[in-house]
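K.L.:
Protein chains in written order, with full-length UniProt numbering: chain A, 1 to 308; chain B, 1 to 242.
It is possible that some hints are incorrect.
These stretches of chain A come out as covered by chain B in the derived footprint (C-beta under 8 Å, 3 or more residues) [as the list claims (entries may be wrong)]:
#1 172 to 186
#2 258 to 272
Quick list of in silico lysine-lysine cross-link-like pairs, DSS-like style, CA-CA up to 27 Å [what the hints assert, rightly or not]:
#3 A:Lys163 to A:Lys195
#4 A:Lys116 to B:Lys195
#5 B:Lys184 to B:Lys59
#6 A:Lys123 to B:Lys195
#7 A:Lys195 to B:Lys55
Hints in this document: simulated from the structure, not taken from any laboratory.
Note that the structure is a prediction, hence the values are computed from the model and not measured.
Cβ atoms here follow ideal geometry from the backbone N, Cα and C, with glycine treated the same way.
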Amino acid sequence: MKHYEVEILDAKTKDKLCFLDKVEPNATIGEIKSMFHKSHPQWYPARQSIRLDPKGKSLKDEDVLQNLPVGTTATFYFRDLGAQISWVTVFLTEYAGPLVIYLMFYFRVPFIYAPKYDFTTSKHWVVHLACMCHSFHYVKRLLETLFVHRFSHGTMPLRNIFKNCTYYWGFAAWMAYYINHPLYTPPMYGEQQVKLALIIFLFCQIGNFSIHIALRNLRPPGSKTRKIPYPTKNPFTWIFLLVSCPNYTYELGSWLGFTLMTQCLPVAFFTLVGFIQMTVWAKGKHRSYLKEFRDYPPLRSPILPFIL
Amino acid sequence: MASGEEDGAVEEKETNNKKKTKSAVAIAWLTFYNIAMTAGWLVLAIAMARFYLQKGTHKGLYRSIARTLKFFQTFALLEIGHCAFGLVRTSVIVTGVQVCSRIFMVWFITHSIRQIQNEESVILFLVVWTVTEITRYSFYTFHLLHHLPYFIKWARYNLFIIMYPLGVAGELMTIYAALPYVRKSGMYSMRLPNKYNVSFDYYYFLIIVMLSYIPLFPQLYLHMLRQRRRVLHGEVIVEKDE
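With these hints in hand, go ahead and build the complete structure from the sequences.
P.N.:
The following block contains the structure:
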């Protein structure tokens with residue numbers, strides 16, 4: 001069996017960082033990353049970007065050495081992706097925050113509102129309902145992170161956790177402050193408005209969960225394969241006929257429901273910002289689907305049927 | 001099939017021509033825009049100088065140039081569009097932040113809070129803005145005409161070193177002077193209870209704006225310093241080759 005020699009150069013300075021001899025032809029990039037990690041312990045595999053070209057795309061961990069366009073002496077370029085943190089850690093942290101923070105405002109913990117309101121409860125039943133919905137939403141997200149989602153990437157850059165937590169925690173505090181305020185004004189159309197909002201909210205929560213399950217079932221455990229999602233027997237997944245990322249569609253719906261329920265401008269604002277971000281993600285995902293699959297259903301839009 | 005291929009080739013030619021004509025229109029528009037803005041800020045500079053020379057005081061100066069200032073500064077919003085539509089190769093966000101901060105000063109501070117219009121700090125930032133904008137827009141104009149006099153380039157990459165800090169000082173002092181009037185009048189503020197379940201205190205908002213200068217100003221300043229080094233560094237290399 002012919003062995004390969006692998007040299008790894010710094011993508012920016014072109015310095016020789018590592019030389020590996022007697023590498024198996026069927027070695028994967030992942031295995032090469034582990035070998036590189038041994039000689040440079042500060043660069044654990046998750047923060048290594050290995051590429052054929054200094055300015056090219058990162059090679060995947062699953063790529064096999066002998067299938068790459070390299071000679072028996074392979075030259076790779078390395079870029080440090082910076083400190084990494086696991087997606088699961090980020091998700092759990094960014095979702096646990098809003099759950100706890102909202103409850104602090106709901107229970108009117110001291111130093112938020114005037115002292116005479118400490119540990120009192122709101123007299124409006126919609127405020128209690130809103131707390132239940134908000135808490136349910138984030139508990140659902142935490143459980144999905146632990147038991148449902150199958151992540152393509154293991155890690156993301158460390159600075160993302162600060163950015164993401166600021167966003168989620170900040171907005172949660174801003175919303176919760178007003179909804180649980182002693183001077184909160186209940187919705188204009190009273191019970192009718194709240195009931196309608198609750199129906200929309202629950203419908204979209206179930207929808208969002210159904211999509212997450214459907215997406216999970218596309219991918220066998222431990223794999224990173226990508227397939228076109230299709231409607232299943234669950235009616236909530238029939239929206240796949242019209243939309244590429246119905247999880248975002250349902251998420252928007254949930255927050256529209258919550259906005260209607262609380263009639264609170266900060267919630268509307270949060271919904272709008274979230275919608276903008278999800279649209280960007282949906283368009284990106286839709287584009288990669290189109291690029292990867294020749295037979296991708298043409299009727300589908302990224303996030304809003306026929307519109308966006 | 002042959003005709004299909006031909007159609008494809010014709011289509012490509014048309015889009016290439018379309019691209020070329022778009023560039024010519026874009027360049028014509030940008031040239032017009034930058035000449036107009038240079039002229040506008042020159043008019044402002046002259047009006048300000050004339051007022052001061054005639055009246056001997058800065059009191060009432062702002063009122064006399066307010067309309068012209070608002071017109072040309074607001075017109076600058078177009079620059080966001082230039083970036084967004086690819087006419088200019090700058091980041092939309094950087095341009096957006098810069099233009100919006102100017103719009104904010106003009107409309108939400110000096111226009112809305114009349115009591116501070118005669119403050120010296122207003123004159124300070126007006127002078128800084130005028131010098132900076134005349135330099136900037138004439139730089140762009142000459143650059144588009146492919147005839148850039150060295151002193152304009154020098155001015156663009158050196159004047160900012162004192163102009164930026166002076167401008168920031170003028171703006172901050174003006175906002176600070178406005179605070180008591182904002183507090184007393186409760187302007188642009190909304191209190192609970194209300195049907196939108198939101199509140200906004202313009203006074204505290206202004207304090208946050210002032211604090212935001214602390215992280216933002218150094219970043220912009222360092223960005224300009226880096227650009228300056230790159231431009232001057234490039235020049236040095238050319239001289240060495242000669």
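K.L.:
Against the structure shown, which of the earlier numbered hints fail to hold, in ascending order?
P.N.:
Failing hints, ascending: 3 and 7.
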